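Engineer: Everything in the sequence shown is counted per this note's numbering, starting at 70 for the first residue and increasing by one.
It cannot be assumed that every hint is accurate.
As the list claims (entries may be wrong) - Quick list of simulated restraints, FRET-style, between CB atoms: (1) Y457 to Q348: 34 to 44 Å; (2) K91 to K285: 44 to 54 Å; (3) I108 to A278: 42 to 52 Å; (4) R311 to K91: 47 to 57 Å; (5) N297 to Y359: 45 to 55 Å; (6) D252 to H119: 42 to 52 Å; (7) Y129 to G298: 19 to 29 Å; (8) R508 to G298: 53 to 63 Å; (9) A278 to K486: 47 to 57 Å; (10) A278 to D390: 49 to 59 Å; (11) Y457 to R508: 17 to 27 Å; (12) M195 to T254: 11 to 21 Å; (13) D260 to M473: 35 to 45 Å.
Stated by the list, open to error - With a straight-line cut-off of 35 Å between C-alpha atoms, the simulated DSBU-like cross-links for lysine-lysine are: (14) K151 to K141; (15) K353 to K199; (16) K204 to K227; (17) K479 to K501; (18) K176 to K164; (19) K227 to K97; (20) K164 to K88; (21) K377 to K151; (22) K266 to K88; (23) K501 to K373; (24) K97 to K83; (25) K373 to K141; (26) K287 to K227; (27) K266 to K479; (28) K285 to K141; (29) K227 to K501; (30) K227 to K199; (31) K283 to K479; (32) K445 to K478; (33) K164 to K91; (34) K204 to K150; (35) K141 to K164; (36) K353 to K375; (37) K199 to K176; (38) K445 to K377; (39) K91 to K266; (40) K285 to K151.
Quick caveat, the hints were computed from the structure, so don't treat them as lab data.
On a predicted model such as this, the values are computed, not experimentally measured, just so you know.
Here a beta-carbon is modelled for each residue, glycine too, at the ideal position from N, C-alpha and C.
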Amino acid sequence: MSRQNGITVEDMLKLDIMKGCKLVAGFKGIRNTISRVNIMADPEIMEWIHEGEFLLTTAYFFEKEQDIKAQKELLNVCYNKKLAGIGIKVSPYLKELPQEIIILANKLNLPIIDIHQSIPLADIMMSTFKEIFNKQASLLERIEHLHEKLMAVMMEGKGVNEIVRVVHENIRNPAILVMNFSDETIEHLYDKDIDIKSELLKEINDFYAPNNIKNKVKRLDEDKVLINGRYIKRMVMPIIIRDNIYGHLFSWATNMPLGGFDLAIIESASTTIGLSLLQDLSVKEVEIRYRSEFFEDLISLDAKRKKKALDRARFFNLNPDNKYLIEVISCRMIWDLHGEDEEESINYIRDFVNTIVPSIEELVVYLKLEGLVSTKVNGMQILLGFEYEKSTMKKLDEFNNRLMEILNKKSKSIEFKMGVGRIYPGLENVNKSFLDALRAV
70 MSRQNGITVE DMLKLDIMKG CKLVAGFKGI RNTISRVNIM ADPEIMEWIH EGEFLLTTAY
130 FFEKEQDIKA QKELLNVCYN KKLAGIGIKV SPYLKELPQE IIILANKLNL PIIDIHQSIP
190 LADIMMSTFK EIFNKQASLL ERIEHLHEKL MAVMMEGKGV NEIVRVVHEN IRNPAILVMN
250 FSDETIEHLY DKDIDIKSEL LKEINDFYAP NNIKNKVKRL DEDKVLINGR YIKRMVMPII
310 IRDNIYGHLF SWATNMPLGG FDLAIIESAS TTIGLSLLQD LSVKEVEIRY RSEFFEDLIS
370 LDAKRKKKAL DRARFFNLNP DNKYLIEVIS CRMIWDLHGE DEEESINYIR DFVNTIVPSI
430 EELVVYLKLE GLVSTKVNGM QILLGFEYEK STMKKLDEFN NRLMEILNKK SKSIEFKMGV
490 GRIYPGLENV NKSFLDALRA V
């Protein structure tokens, strides 16, 4: 049954007005959620009922309609319409409901409550509506408080890890954020969930399988999955930035049921995560744009622009007298399952490149090279400098091998082509290496 904000059949049975009433069939549906209540005066109302409603009626229909087939059809309609359950005032019309009706209700997991003959159906309706309203008001208050908490986390710059922790604490279930554009995973689990961690991670790997189109859908995915020998509910919410999917927030009902409040938490968190990531991407864009402008001036054939770049080289820790080469990397999307247009692909590649730059810069430092990474519309350009020595070619081979490992690991949806220019002495000659690299791509 689709999730509705309301109370369960079990909650309804606990209301004061329901004293003397009892559940006689459909016991496995006791946690069905009631979002509204309706009263059936005649069977024609079945055309107007909605999912999540609890239907109140008397056994007059069952007394009048002796055809058991018609009685079963009523239950089947209720089941197909996804009603939460049925309350029937059996007495004084019948001594008890037909056994075939009880058997069918149990088979359908459709709760049937025997309403005590002294209780007016209108009173049950009013009491149930009041309880639903109170619960919804309480949920709205909790959701508002949670939203304020998430906004505070973002404004204080605590990052997405703290957002996922807030989700974990509030849904009281495992919460795992996978950012597939940067190959980062943030996990928040209870100690008792550690034993099933490998199964949860396998679940995530299966979700991202090439033949699984669910990971390309830009809306909530709900499913039941097999974890530790039992089927449990799983919610997966995409993280969408600039109309592209940048990752997913996973949660499983391993400890507590996942309901309407949990969905509200996950939806709010996914929006907050998206805003936080967009903020980080915007900062990176400014930094990279500054380096890219320097690079464009450096390879320019305009003498004034080149001189301007050479004068600024010291700000990027580049020695004008060292030897340099340029590598050009071109990126292209290799999937187009949902008709992503050119602009969406460009935006995705740009954001991917901006997040990969820090990893490349760390590799440059690790190998003790001079370097600078700039970006372009469909890729990036890497300037590498060094004092000539015997180990230079070995370092370059190691750099390129590690670079391709990083690129292929970070994204399975982008194809990379790389061109490497020749080594030239002096920073003023890097434009020659750039032309070599372009021809090699």
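Engineer: Against each hint, give a clear statement of whether it holds in the structure.
Structural biologist: Results for each hint:
1. At about 42 Å, the CB distance of Y457 to Q348 agrees with the hint of 34 to 44 Å.
2. With their beta carbons about 48 Å apart, K91 and K285 fall inside the hinted range of 44 to 54 Å.
3. The beta-carbon spacing between I108 and A278, approximately 49 Å, falls within the hinted interval of 42 to 52 Å.
4. Between R311 and K91 the beta carbon distance is about 55 Å. The supplied range of 47 to 57 Å therefore holds.
5. At about 51 Å, the beta-carbon gap between N297 and Y359 stays in the expected band of 45 to 55 Å.
6. D252 and H119 have their C-beta atoms about 44 Å apart, which keeps the hinted 42 to 52 Å range intact.
7. Between Y129 and G298 the Cβ separation comes to about 46 Å, which falls outside the hinted range of 19 to 29 Å.
8. Separation of R508 from G298 is about 59 Å and conforms to the stated range, judged on CB atoms against 53 to 63 Å.
9. One distance hint, 47 to 57 Å for the beta-carbon pair A278 and K486, is violated here, with the actual separation near 26 Å.
10. Taking 49 to 59 Å as the suggested C-beta distance range, the pair A278 and D390 conforms, at roughly 52 Å.
11. Take Y457 and R508: their Cβ atoms lie about 23 Å apart, and the range 17 to 27 Å holds.
12. A hinted range of 11 to 21 Å is violated for the C-beta pair M195 and T254, which are about 49 Å apart.
13. Remark: the range hint 35 to 45 Å for D260 to M473 is upheld by a beta-carbon distance near 39 Å.
14. Between K151 and K141, the direct Cα distance comes to roughly 15 Å. Compliance with the 35 Å bound is thereby established for this hinted pair.
15. As the CA atoms of K353 and K199 are separated by approximately 51 Å, the hinted pair breaks the 35 Å bound.
16. Between the alpha carbons of K204 and K227 the distance comes to roughly 32 Å, so the proposed pair stays at or under 35 Å and holds.
17. Taken as a hint, the K479 and K501 pair is honoured in the structure, with Cα atoms around 30 Å apart against an allowance of 35 Å.
18. Between K176 and K164 the alpha-carbon distance is near 22 Å, which keeps this suggested pair within the 35 Å criterion.
19. Restraint check for K227 and K97: the C-alpha separation of about 43 Å exceeds 35 Å, so the hint is violated.
20. As the CA atoms of K164 and K88 are separated by approximately 19 Å, the hinted pair is consistent with the 35 Å bound.
21. Proposed proximity of K377 and K151 is contradicted: the alpha carbons are some 71 Å apart, above 35 Å.
22. A hinted pair counts as satisfied when its Cα atoms are at most 35 Å apart, and K266 with K88 does not qualify at roughly 44 Å.
23. A C-alpha spacing of about 17 Å is found between K501 and K373, which places the hinted pair at or below 35 Å, so the restraint holds.
24. This hinted pair checks out: K97 and K83 have alpha carbons roughly 17 Å apart, not beyond 35 Å.
25. This hinted pair does not check out: K373 and K141 have alpha carbons roughly 88 Å apart, beyond 35 Å.
26. Restraint check for K287 and K227: satisfied, since their Cα atoms lie roughly 26 Å apart, inside the 35 Å limit.
27. Restraint check for K266 and K479: the C-alpha separation of about 22 Å stays at or below 35 Å, so the hint holds.
28. For the proposed pair K285 and K141, the alpha carbon gap of about 41 Å is over 35 Å, so the pair is violated.
29. At most 35 Å may separate the alpha-carbon atoms for a hinted pair to count; K227 and K501 exceed this at roughly 45 Å.
30. The straight-line distance between the Cα atoms of K227 and K199 is roughly 40 Å, outside the 35 Å bound, and the hint therefore fails.
31. Of the supplied pair hints, the one linking K283 and K479 holds, its CA atoms being roughly 20 Å apart against a limit of 35 Å.
32. Restraint check for K445 and K478: the C-alpha separation of about 21 Å stays at or below 35 Å, so the hint holds.
33. Annotation: proposed proximity of K164 to K91 holds, straight-line Cα distance about 15 Å (limit 35 Å).
34. This hinted pair checks out: K204 and K150 have alpha carbons roughly 24 Å apart, not beyond 35 Å.
35. Our distance criterion of 35 Å between C-alpha atoms is met by K141 and K164, whose separation comes to about 18 Å.
36. A threshold of 35 Å between alpha carbons decides the hint, and for K353 with K375 the separation of about 25 Å falls inside it, so the pair holds.
37. For the hint linking K199 to K176, the alpha-carbon distance of about 31 Å falls within 35 Å, and the restraint holds.
38. At most 35 Å may separate the alpha-carbon atoms for a hinted pair to count; K445 and K377 meet this at roughly 20 Å.
39. Proximity of K91 to K266 is assessed by CA-CA distance (about 41 Å); at most 35 Å being required, the pair is judged violated.
40. For the hint linking K285 to K151, the alpha-carbon distance of about 29 Å falls within 35 Å, and the restraint holds.
When held up to the earlier numbered hints, the structure conflicts with 7, 9, 12, 15, 19, 21, 22, 25, 28, 29, 30, 39 and fits the remainder.
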